[in-house]
Structures are given as C-alpha cells and as structure tokens.
Amino acid sequence: MEEANKDIPQSHKAGFVNIVGNPNVGKSTLMNDLVGERISIITSKAQTTRHRIMGIVNTPEYQIVYSDTPGVLKPKYKLQESMLEFSEGALTDADILLYVTDVIENPEKNKDFLDRVAKEDVPVLLVINKIDMLKGDGELEKLVDQWHERLPKAEIFPTSALEHFNVDNLKRRIVELLPPSPPFFGKDALTDKPARFFVTEIIREKLLLNYDKEIPYSTEVLVEKFEEKENSIHIMSVIYVERDSQKGILIGKGGEKIKKIGIEARHDIEKFFGKKVFLEIFVKVEKDWRNRENKLRAFGYIE
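Take any residue in the sequence shown, note its place counting from 1, add 599, and you have its number in this note's numbering.
Simulated from the structure, these hints should not be mistaken for laboratory data. All values reported here derive from a predicted model rather than from experimental measurement. It cannot be assumed that every hint is accurate.
Stated by the list, open to error - BS3-like cross-link-like pairs, simulated, lysine-lysine; straight-line CA separation at most 25 angstroms:
id : residue 1 : residue 2
1  : Lys-734   : Lys-718
2  : Lys-824   : Lys-894
3  : Lys-894   : Lys-852
4  : Lys-824   : Lys-856
5  : Lys-718   : Lys-752
6  : Lys-894   : Lys-870
7  : Lys-812   : Lys-846
8  : Lys-812   : Lys-828
9  : Lys-708   : Lys-734
10 : Lys-812   : Lys-883
11 : Lys-828   : Lys-870
12 : Lys-858   : Lys-824
13 : Lys-770   : Lys-812
14 : Lys-870   : Lys-824
15 : Lys-752   : Lys-812
Claimed, not checked - Cβ pair distances, simulated, as ranges:
id : residue 1 : residue 2 : range
16 : Glu-740   : Leu-776   : 23 to 33 angstroms
17 : Glu-704   : Asn-830   : 52 to 62 angstroms
18 : Gly-847   : Glu-879   : 14 to 24 angstroms
19 : Leu-895   : Leu-776   : 22 to 32 angstroms
20 : Asn-830   : Lys-883   : 23 to 33 angstroms
21 : Glu-885   : Asn-623   : 24 to 34 angstroms
22 : Lys-828   : Asp-887   : 20 to 30 angstroms
Beta carbons: idealized from backbone N, C-alpha and C, even for Gly.
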C-alpha cells in the first residue's frame, strides 16, 4: 500500500459521500450525474464499516466514494427493515451526507429519519431535485425557506439532475468539504473499471478454455459499453486479435465458435452480477498489438 500511495500528495482529499432520501425523489439520477455512469464498483477489499459502493470518482487531488441507498420508508416486512437499516447506517459512516428531496414531497415525510439527519455533525447538503417541474413564481423560494427551517444546518442546492442544472456547483462544494485523507481505494479504481475488468476476465477465461495454441494469448478483451439497469446489464465487448487468420479461427464456421464463447461468458457474468445480461461480442484485428506501445497503453498495460 505504501508503494501505491507514494505519489499521493499530502494535500490529497478523500471521503465517503452518502446519498439518502425518500423513494422516487431522483437519488439514482443524481448519482448517475455525479459519477458520470451508474456503475457498482467491485472490489475484493473488505470494507466492514462501509456499505455497497456505487461509484468512485478520482482526480490527482481527491477521491470521492459515492454511495446510493434505498429510499427511506416505513418497513412492512423483513426486507424493508433491512433496507431501512442500510439507509440509517449511511447516517453514521458518511463524511458528507446528501439528503435528496424534490419539489413534490412533504418535508415531514418520514419525520423520524429527518430528525436524525438534522442532528448529524457531518456536513449535510440538502438537494431539492426536480425544480424544472416548478411553474409559479416564488415557489422555489418558499421551498427553500421550508427546508431551511426543517434542516437549519444544511446547505441547500436546488437542482434538476435530469437537466443537469446546478449539479456542477454541488460537485464543487462536495470537493471543498472533503477531508484531508489518502485514497481509500487504488487510484486506478475509476467509476467503471472494476466491473468491466471482471467482465473482460470472464470472457478471457472462456477464450483460454475453448482455444489452444497461440489464439488465447493473442487476444485482448475490451468492454466498450456497460449499461446497467435495475434488473439487467447490456454489455458490448470487443475481442482484439493480431491477425486476420486468428479472427477467422476465433469466429469459427458460421460464427459457431464465437457464439459458444458468448453463451458461456453470459452465463458466468449473470451469475457474477445477479442480473440478466445482454452480451454482444465483436472481433477486431489490431495488428501486432502486443508489441505496440500505444495499444498497450490503450489497453491499460502502460500508464
């Protein structure tokens, strides 16, 4: 770890930014906008005091670990109790708390949870989302006054995550509030790399199992699209080979061999992520890519 952190400046900032709020106020949309892509970061590093990580944003100066949470609700059965515990846990392990509401909901909805937010010592940024839905003059000012009375210590950010309105100002304030800290995760753990990495590894494993001689070692897999929805993931990947003859062998007669790779890989990816997966695989030739520095850099082997 020392070796990994030797180039991290002493002024580096890092923190956990937890997003909480009631259902249907646009938390996930805001999350997508803040991170740039909705991706769950997959890591083998144990974080027993932290919950599921949804997105890591890195620059040389800082690292932000965003976490989305289930919408706060009155539990009616065991599953909802667990979901509420997850949201309540987000109040205790955040460096910065984003409480998301919108222009429709009653500020007193789930009063007990809001009372706990009001007592938090960490910075609270109150996001009033969906302001693009407001029509009358003075409506926003009235909402801001209501919420200021309810959460007097919070900084208020009227936004429209859907329209990307005022989100950049929110990002800037988050960065300002980050505490001094080395990164919690490797600086190569970008918002999408870990999830895509495991996809590429699964596909590469199938290549090793289904082809012999030089073919598997002449290939590189790149995930060009990883689009995650609630119950499914759409993945578009490219297998690069060095020669046209390798491309023909990889695809097989009538596409039979590459189809087999796709079926086997999709099965394992679905098991890995626990979701339905739509997997597209293309084969392209990048001549002598293993000896070309620019390609090795593009594939992540050289910084």
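So if I understand the rule, the pair passes when the alpha-carbon distance is 25 angstroms or less; does Lys-828 with Lys-870 pass? Answer holds: Lys-828 to Lys-870 is near 16 angstroms, not above 25 angstroms.
Quick one, are Lys-718 and Lys-752 close enough, alpha carbons at most 25 angstroms? holds, 9 angstroms
CA of Lys-708 to CA of Lys-734, is that 25 angstroms or under? holds, 23 angstroms
Are Lys-734 and Lys-718 close enough, with their CA atoms no more than 25 angstroms apart? Violated - the C-alpha atoms of Lys-718 and Lys-734 are around 33 angstroms apart, more than 25 angstroms.
Kindly confirm whether 22 to 32 angstroms is satisfied by the beta carbon distance between Leu-895 and Leu-776. Taking Cβ atoms as reference, Leu-895 and Leu-776 lie about 39 angstroms apart, which means the hint is violated.
Within a Cα-Cα threshold of 25 angstroms, do Lys-812 and Lys-883 meet the stated pairing? holds, 19 angstroms
Given a hinted range of 14 to 24 angstroms, is it respected by the beta-carbon distance of Gly-847 and Glu-879? With a Cβ separation near 19 angstroms, Gly-847 and Glu-879 satisfy 14 to 24 angstroms, so the hint holds.
25 angstroms limit on alpha-carbon distance, applied to hinted pair Lys-812 and Lys-828: violated, 38 angstroms
Is the gap between the beta carbons of Asn-830 and Lys-883 within 23 to 33 angstroms? Because 30 angstroms falls inside the window, the suggested range holds.
Take the C-alpha atoms of Lys-858 and Lys-824, compute the straight-line distance between them, and say whether it is at most 25 angstroms. Given that 25 angstroms is the threshold and the Cα spacing comes to 19 angstroms, the pair holds.
Please work out if Lys-824 and Lys-894 have their alpha carbons no farther apart than 25 angstroms. holds, 19 angstroms
Glu-740 paired with Leu-776, Cβ distance criterion 23 to 33 angstroms: holds, 25 angstroms
In this structure, the hints that do not hold are numbers 1, 3, 6, 8, 13, 15, 17, 19, 21, 22, in rising order.
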